[in-house]
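K.L.:
Residue-level listing of the chains:
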Amino acid sequence: MDTIRFTPKVSFDKRDNQLRIADQLMCLHCHHYNAHLLRTAEDPDYIDGPRILAGAAENVVAQQLANHLRDFPDIRSSAQRLSVAADMFRMYGFVILDFSKADEKGGTVTSPSSHIALGWKVKWGPRETPCCHFNRGFIAGAFATIYGKSPGYFKVVETQCIAVGAESCVYKVEVNSNGNK
Amino acid sequence: MAINEPAIIDAVSSMKIEGNEEGIIPAFNVLLTLMYTDFYTRMCFEFEREVTKVLPEEIQDVGKILLIDAAVQCGYHTFNGIMNSVEWKALIEPMIEKVDDKIHGLTAVTNALGWGNWQVADLVPGQKLVLRARNSYESENYLRDYGRATEGKCYMLTGVATSFMDLVYGKAFPDGMNTFESKEVKCRAKGDPYCEFVSVPTTAQN
Chain A
75 MDTIRFTPKV
85 SFDKRDNQLR
95 IADQLMCLHC
105 HHYNAHLLRT
115 AEDPDYIDGP
125 RILAGAAENV
135 VAQQLANHLR
145 DFPDIRSSAQ
155 RLSVAADMFR
165 MYGFVILDFS
175 KADEKGGTVT
185 SPSSHIALGW
195 KVKWGPRETP
205 CCHFNRGFIA
215 GAFATIYGKS
225 PGYFKVVETQ
235 CIAVGAESCV
245 YKVEVNSNGN
255 K
Chain B
291 MAINEPAIID
301 AVSSMKIEGN
311 EEGIIPAFNV
321 LLTLMYTDFY
331 TRMCFEFERE
341 VTKVLPEEIQ
351 DVGKILLIDA
361 AVQCGYHTFN
371 GIMNSVEWKA
381 LIEPMIEKVD
391 DKIHGLTAVT
401 NALGWGNWQV
411 ADLVPGQKLV
421 LRARNSYESE
431 NYLRDYGRAT
441 EGKCYMLTGV
451 ATSFMDLVYG
461 KAFPDGMNTF
471 ESKEVKCRAK
481 GDPYCEFVSV
491 PTTAQN
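So the sequences go chain by chain: A and B. Sequential numbering of the first sequence, starting at 75, is according to the numbering used here. Sequential numbering of the second sequence, starting at 291, is according to the numbering used here.
Hints were generated in silico from the structure; no laboratory data involved. Computed from a predicted model, the values in this text were never measured in an experiment. Errors might be hidden in some of the hints.
[What the hints assert, rightly or not] Taking lysine-lysine and the DSS-like style, the derived pairs with C-alpha atoms no more than 27 Å apart in a straight line are:
#, chain 1, residue 1, chain 2, residue 2
1, B, K461, A, K197
2, B, K480, A, K197
3, A, K88, B, K306
4, B, K354, A, K195
[What the hints assert, rightly or not] Away from chain A, derived, C-beta distances all over 12 Å, residues of chain B:
#, residue
5, P296
6, N310
7, E340
8, V376
9, K379
10, A380
11, I386
12, T400
13, P415
14, V420
15, A439
16, D482
For every residue, glycine included, the Cβ atom is placed at its ideal position computed from N, Cα and C.
Work out the full structure, taking the sequences as your base and the hints as a guide.
P.N.:
Following this line, the structure appears as structure tokens:
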């Protein structure tokens, strides 16, 4: 796969104290907040917290990657675009994603580490179920933009998770059965 | 006041904060992420909406309470890490002449995190803190996505205001959490010109 770095337009407005990257407002938060929000969303068993987390991530990632690719039209091939998405994930501190075994038909995405899983383990130790819902949304959103689909087209399931004791986080990517949007 | 806030904002916002080759941002004694404000607000307000749909009227505030609590927990641990970091010791500690200056130093740091423009409006040492936010991402995003609110929507900043007072005037870490509590008394999302947070000792509001 060609290696293409994510080199977005970045600005910090010192009057409003706002950080803008590829036309989206960004902010710094750490593993304490991300882990607590994860637990807050997952705790009530009467709502689908993981869906909320993944859905929110999918939409914002799809939009920002589309903004970036609009600004850099020379990044054309799917392989190049996947490389940019992986570097975006790295740059933002979410750790590492390996897209080499997935394409527009689906496949497997692997993460040798994960901010979300590590944050959980550091605070509360191992758990029984995968927890990288944000990463699932990130992958689904990136794939949607890269392959010209709408959010919701790809379904991403985390089949192994570091927080559960696996050596890496593994995500199965499929085209949603109702995903021809 | 000894704290030079513009210098702190300049220094922190100029730091190259991005993932290393392993995709990790270790800074201020925590693992940072560069995160989408839209992710946080869509997640939090959707969570609150879903919880509110299911719960009976008398406990409709549960979603809000949980989100504020997450922010208190976050702020308490995160800003304790920040105040013990090499960055704090090098940049901010030399400016601190008295304990109250820590509140101003913490506020300056938050102003470099992309959370909006935050100012200390009033500080009665150990008793009361009034913080104002001119453009919090929570209120701005709520207005954009849901329209006018009937109550304050800046749950993260409400919790963080509590954590500032807990860390500066509460018992030593980790025994001081929730010594104070905060209310958002004004919010841009409900039409106020700015968001305002008042923190007082927990017993004072009971």
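K.L.:
Against each hint, give a clear statement of whether it holds in the structure.
P.N.:
Consistency of the hints with the structure:
For a cut-off of 27 Å, the pair hint linking K461 (chain B) to K197 (chain A) stands: about 21 Å separates their Cα positions. Note on K480 (chain B) and K197 (chain A): the hinted pairing is violated, with a Cα-Cα distance of about 35 Å set against a maximum of 27 Å. In summary, the hint linking K88 (chain A) to K306 (chain B) is supported, as the alpha carbons are separated by about 16 Å, within the 27 Å threshold. Simply put, K354 (chain B) and K195 (chain A) have alpha-carbon atoms about 26 Å apart, close enough for the 27 Å limit, and the pair holds.
With a least beta-carbon separation of about 8 Å from chain A, P296 (chain B) fails to lie farther than 12 Å from that chain, contradicting its non-interface assignment. Taking the minimum C-beta to C-beta distance to chain A, about 8 Å, the non-interface status of N310 (chain B) is violated against the 12 Å cut. A Cβ of chain A approaches the Cβ of E340 (chain B) within 12 Å, the least distance being about 4 Å, so the stated non-interface status is violated. Every beta carbon of chain A lies more than 12 Å from that of V376 (chain B), the smallest distance being close to 16 Å; the non-interface claim holds.
Non-interface call for K379 (chain B) relative to chain A: holds, since the shortest CB-CB distance, roughly 18 Å, exceeds 12 Å. A cut-off of 12 Å between C-beta atoms confirms that A380 (chain B) is not in contact with chain A; the least separation is 18 Å. Against the 12 Å criterion, I386 (chain B) stays outside the reach of chain A, whose nearest CB is about 21 Å from its own CB. Not every CB of chain A lies more than 12 Å from the CB of T400 (chain B), the least distance being 8 Å, so the non-interface label is violated.
A cut-off of 12 Å between C-beta atoms confirms that P415 (chain B) is not in contact with chain A; the least separation is 25 Å. Against the 12 Å criterion, V420 (chain B) stays outside the reach of chain A, whose nearest CB is about 19 Å from its own CB. No Cβ of chain A approaches the Cβ of A439 (chain B) within 12 Å, the least distance being about 19 Å, so the stated non-interface status holds. Chain A leaves D482 (chain B) outside its interface by the beta-carbon criterion, the shortest separation being 17 Å against a cut-off of 12 Å.
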